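There are 4 protein chains.
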Amino acid sequence: MPLDKTALVVDALNAFQIELPSWGFANTGTRFGKFLQPAAATTLEEKFSDAAQVHRCTGVCPSIALHVLWDFPSDVQRLSAQYGVRAGAINPNLFQDQIYKYGSLGNPDAAIREHALQHILDSVQIATQLGSRDISLWFADGSNYPGTQNLRHRRRWFEEGLAAAHASLSKDQRLLVEYKPFEPAFYHTDIADWGMALSLARKAGPKAKVLVDTGHHLPGCNIEQIVTWLLHLNALGGFHFNDRKFADDDLTLGSIDPYQLFRIFHEILSSNSPAVKGIAYMIDQSHNLKGKMEAMVQSVVTAQELFAKAALVDQEKLAAAQQSCSLVEAEELFRGAFWTDVRPMLKEWREARKLPSEPLKELKKSGYMEKINKERGAKNANSGSSYA
Amino acid sequence: MPLDKTALVVDALNAFQIELPSWGFANTGTRFGKFLQPAAATTLEEKFSDAAQVHRCTGVCPSIALHVLWDFPSDVQRLSAQYGVRAGAINPNLFQDQIYKYGSLGNPDAAIREHALQHILDSVQIATQLGSRDISLWFADGSNYPGTQNLRHRRRWFEEGLAAAHASLSKDQRLLVEYKPFEPAFYHTDIADWGMALSLARKAGPKAKVLVDTGHHLPGCNIEQIVTWLLHLNALGGFHFNDRKFADDDLTLGSIDPYQLFRIFHEILSSNSPAVKGIAYMIDQSHNLKGKMEAMVQSVVTAQELFAKAALVDQEKLAAAQQSCSLVEAEELFRGAFWTDVRPMLKEWREARKLPSEPLKELKKSGYMEKINKERGAKNANSGSSYA
Amino acid sequence: MPLDKTALVVDALNAFQIELPSWGFANTGTRFGKFLQPAAATTLEEKFSDAAQVHRCTGVCPSIALHVLWDFPSDVQRLSAQYGVRAGAINPNLFQDQIYKYGSLGNPDAAIREHALQHILDSVQIATQLGSRDISLWFADGSNYPGTQNLRHRRRWFEEGLAAAHASLSKDQRLLVEYKPFEPAFYHTDIADWGMALSLARKAGPKAKVLVDTGHHLPGCNIEQIVTWLLHLNALGGFHFNDRKFADDDLTLGSIDPYQLFRIFHEILSSNSPAVKGIAYMIDQSHNLKGKMEAMVQSVVTAQELFAKAALVDQEKLAAAQQSCSLVEAEELFRGAFWTDVRPMLKEWREARKLPSEPLKELKKSGYMEKINKERGAKNANSGSSYA
Amino acid sequence: MPLDKTALVVDALNAFQIELPSWGFANTGTRFGKFLQPAAATTLEEKFSDAAQVHRCTGVCPSIALHVLWDFPSDVQRLSAQYGVRAGAINPNLFQDQIYKYGSLGNPDAAIREHALQHILDSVQIATQLGSRDISLWFADGSNYPGTQNLRHRRRWFEEGLAAAHASLSKDQRLLVEYKPFEPAFYHTDIADWGMALSLARKAGPKAKVLVDTGHHLPGCNIEQIVTWLLHLNALGGFHFNDRKFADDDLTLGSIDPYQLFRIFHEILSSNSPAVKGIAYMIDQSHNLKGKMEAMVQSVVTAQELFAKAALVDQEKLAAAQQSCSLVEAEELFRGAFWTDVRPMLKEWREARKLPSEPLKELKKSGYMEKINKERGAKNANSGSSYA
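Chains as they are written, first to last, in the working numbering: chain A, 3 to 390; chain B, 3 to 390; chain C, 3 to 390; chain D, 3 to 390.
Just chain A, same shape as in the assembly:
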């Protein structure tokens, strides 16, 4: 029986939604400076407005991840109702305050660890009030020079802090523990890889899961294999999507190595782990140069295209070719899905749902960007130094 390609793509796309980061609409940069965009959002209302516009163009972004330090206190419920976008993952900030110079949960100073924990507990509170399922934990903790910190003590403090955080979760909430090999710490990061994140999550409790940021891996790392392991161990909480060529470049997803993201999606779509259902698909990018709105719409569309391509793999035939070690046949089958131009299928799928058939064109046509450029441009012009 030939594959019903359209049905496969439709099913996959129906099940695929992606969360936008509130900070993705604000000015960000590299350590060498920020290039300010007049249309960049500076209030939470502007971020909700932008996210809503992306959702309007794409139809698959019903939620927005929030950042506790930058987005709170605020009237999220009102904004949520007004803009039709709900609060997504809650992200504590444990790296920006001056007290975190030597770490947060891993700081040698017990008072600072306590302070960091309290911030996490407050974040859980916020999540509870907003009905958010996930608290995303990224720690900048680490050290820059061999011998300057005790790796073992810091790990113990992390175990203690995460267990305390876990204890405060309500029934359906989850802690997502992110890992990163380096930056901003350059000798060791306390949670450097998926093995460490997993071990800490396990110790914290069953509601702690691992968060995979696609940019947080050493050169050459096979990320899709890590994804299959986390699914296997029922420990995959979700993704922070972005792309990279060198370090944690935070480029728009699929822009450097689209084949890799296709492979990650294929591992998910071919898995029968119950963990698949719970995966939070989130974008975490830093658009220093691209226009923020365009970059976000472009990323969502790219994610959908790669997801659709992955859905086109004929699993049955592939299984047979893999089992018989028919390498070229298996590869051609697998890669054939990647080479298929799914853009027409996505257009159809959108039209069937009364969505704009070409989100990027729709964004341009909508006049939204001119509007925010003009409105915010004047306002922002007055506020800012040229360098942050």
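Honestly, I wouldn't trust all of these hints.
As the list claims (entries may be wrong) - Chain D side only, calculated, beta carbon under 7 Å to chain B, not exhaustive:
{"no.": "1", "residue": "Leu38"}
{"no.": "2", "residue": "Gly222"}
{"no.": "3", "residue": "Lys247"}
{"no.": "4", "residue": "Phe248"}
{"no.": "5", "residue": "Lys292"}
{"no.": "6", "residue": "Gln300"}
{"no.": "7", "residue": "Val330"}
{"no.": "8", "residue": "Trp341"}
{"no.": "9", "residue": "Pro346"}
{"no.": "10", "residue": "Glu350"}
{"no.": "11", "residue": "Glu353"}
In short, the hints are calculated from the structure, not lab data.
Model, not experiment: these values are computed from the prediction.
In this text, a Cβ means the ideal position worked out from N, Cα and C, and glycines have one as well.
Please arrange chains B, C and D on chain A, whose structure you already have, making use of the hints.
Relative to the frame of chain A, chains B, C and D by itself:
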């Protein structure tokens, strides 16, 4: 109270022994060819003889790791008695036979998996007969091209195979599970990192531990941090030491980044994990160019020197500097140990034990190399093609 | 005026031919062993026969690169006439003989340097006799340990040797100088990057050019940028195509990062350097697991597809978007070409030229593989040890 | 004749001075934030004061590199006279202004290129007025996404701009052209490696040289080999020293891989290139966590120690061992110098010159840090946001 440096070094050295690999005395090479050495060992007796000579020069290498395919069947007990070197870890070979083209324990063909398992069980037998504690498992299993193999199925087969192998261990035996990110497989390796090795070891049983080969990591990886995690989780079985600049270069230990090995040793010496006692320190290098005997003695001496340096770190002062985040002070203290020239202390330690004070010079002086060059040279000249 | 896509693709494909390596049909492997294929070619006649079959299926492989050590002496002219495939680049071998243990042109021993030079001069002779334009020089020269060799002396010897080789070229011949950062040398390679290769080529003379092997770069390296520089400096001699995820993995081209090869082709197609005309497109892969014939046909087809995709980029529109820094627009335009499914266009192009419309299927259908499996299988079964 | 170690070390140290960067005394950070230090310098006078203090403690830092954007206009002559530290290299800033969003000399907008060039010409002016020999050029120019910029046009613009800059140099001045593979651009950097920097320098003119920043290389890169090439081609202008484990981590020099810096120094000390004399040794680090004064003194001392170790290599014996390919002997000799504890020799050298014998202790004892902590702390407390 000032540190008694000599006592620290003496204690450390007294507790440090390192196992030699039988294959380290034989001709090896790169995929571009082998450069044959006339003195290379071609029989197990020659390997025992060489290992005994290294032990004679250094006094810290009482055992030799054996390779089932290349070293058996043979009269190990006799050789062991005759040369005064005991059998160490037993290494099955699961990569060289033509049937392993698509894998061993991860092969889609059940018969081949069975064959591989049987070879492991046979190796456990051999270990039991020889009184060897450790069976070292390195798997070349993986795939070269995306989509050509099913990562999930292969993992399941590994879980089954390792559990069966574990079941056959006698009371004091251990399975050491090695990981490697790539080579000879270039897209995915079934056991690619310490997280996967640990998970498989856990699933197999309590006597399965992780084996860290220092060359088997992606660029930039902080190996000492992995070591502390494995110690913490009581899962560190041992080391295969060698050094690298690029990929798995298999260079002599400490030759490219000696500071890193110093840091690994420091993590071990400052740990209070019960796992420290069980660590098997083993060399696993491939000397394509250096003379095998010289390279081995040089490696043992370098390992001792770096171990002694690590022992010199003033743990108490370091703990205080780390706790107060006195970074420069902590680093200077830590690195000061590395900068200390321990060669005179090692000389003393050796002399106190009636060992040759300078092992490399002793090797040269002993006439052993001339002897084997001559004896084996003629024999080997007749046997070999110039390229393998 | 809208782009005439078909015309662009047709023009590009008409100008694109790719040379096959004789050694790509023989058994090869990794340092952990070779998996022998019954159909692997063991004589030069078999290699010509295989190359001819690939040419028959694809129509774009009229030449075969030859390897002096493995393929000569032999009756190339007869084979060439009989199989309809001409001799391409001539590849000296300067790494396999035991005398090259410490290098060839960079060896501290003047007699060995002389020997290596003589082999290159002989290779130039062979090229002259066969009417081959290019002599491809890859050197394994380097060292494994800091301090063990004098980088400066070795460079001088290379300068002398290459100048002498250049002096022996006939009017239309070229020396192609390849670079590689590591392997089989693991501390330094004498010609480690394009800057060193270029400098040596310049010193040798105007007929020396740089050869880019896509697998010979450090992680993250932007290869297409190097290609534009070499074109700019009129120093790009050609390519050895293959793909990699980690080190020099020698995987089939485009199998890991197809977007990168697309970008390389785009730089060539959008260049107006006179050097474009002289580019030698060559495959240099090592198929340890894939069937050699299938892998070769697959590679040729993939190269054509990526070349065709690159030809689809609307240069005029792209130039405008680049000039105005319309990043998202430029990227969508650029990547839109990559996402276009060119397979139907290639089919048409082939049919218009009376070539098999689907080369891989044609190969299967032709019965050639069964034939060589059977004929060579019996022969090879008798000859080989299981490990090389 | 045995080596006179003391004489070798004394000669080397006498010839070794290192320039401090004015920005190394100011607050800096990562893209995730800056940790503000109360004692950080915020005026040029404070930077001169700090540099003078480092010079007082070490005796080998008579000059300070200046940054045009941050340090000018100002009364450098007065400061120089007052603090006894002269102006060193002049560093234009071509990355921070908002107009440089898409590049400086490589910007598609001719007016911005002109603006950037004018800034360089102004910097040359400043250098002339101050009697500074070197203008150090680091460009952040590049792009983040494939296809968004034209690599060829940008190169041409660089060629034009650098030639114009070169034309404005006075007789003894030099342009130092720095390269960097990535960051802040993440797909391509216009001057990505030494080959590109060299080619641009050559095109600009004979007074343009290459500047090697030790942190600006891809993983595994053999930096000392590049250094020998630049010396050979008479194109090495100088160094920006720092250390790294992952990307461009900007850690204090020698803190991660001290053996590598030793090897770089060895290549310089064993070279007979006339270019050695002109090498500008400069520090370029970013101390986010370490105290700035301590880190600077520590770096200077470490550089001296590694330079002294490199001077201890017995060149004559090494040459013989290298020539005879006595690998282990050569390595032991080479590495023996690295293992030698040179701290006592440095102490002697300092005492003989009436310098503080232990610079770090001297710094602590001097009370300088308490003083600036107190004086500047109050001032800075009022000025700053917590995040930049």
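Hint check results:
no.: 1; hint: Leu38; in the structure: 15 Å, violated
no.: 2; hint: Gly222; in the structure: 5 Å, holds
no.: 3; hint: Lys247; in the structure: 6 Å, holds
no.: 4; hint: Phe248; in the structure: 5 Å, holds
no.: 5; hint: Lys292; in the structure: 5 Å, holds
no.: 6; hint: Gln300; in the structure: 6 Å, holds
no.: 7; hint: Val330; in the structure: 4 Å, holds
no.: 8; hint: Trp341; in the structure: 6 Å, holds
no.: 9; hint: Pro346; in the structure: 10 Å, violated
no.: 10; hint: Glu350; in the structure: 16 Å, violated
no.: 11; hint: Glu353; in the structure: 19 Å, violated
Checked against the numbered hints listed earlier, the structure breaks hints 1, 9, 10 and 11; every other hint is satisfied.
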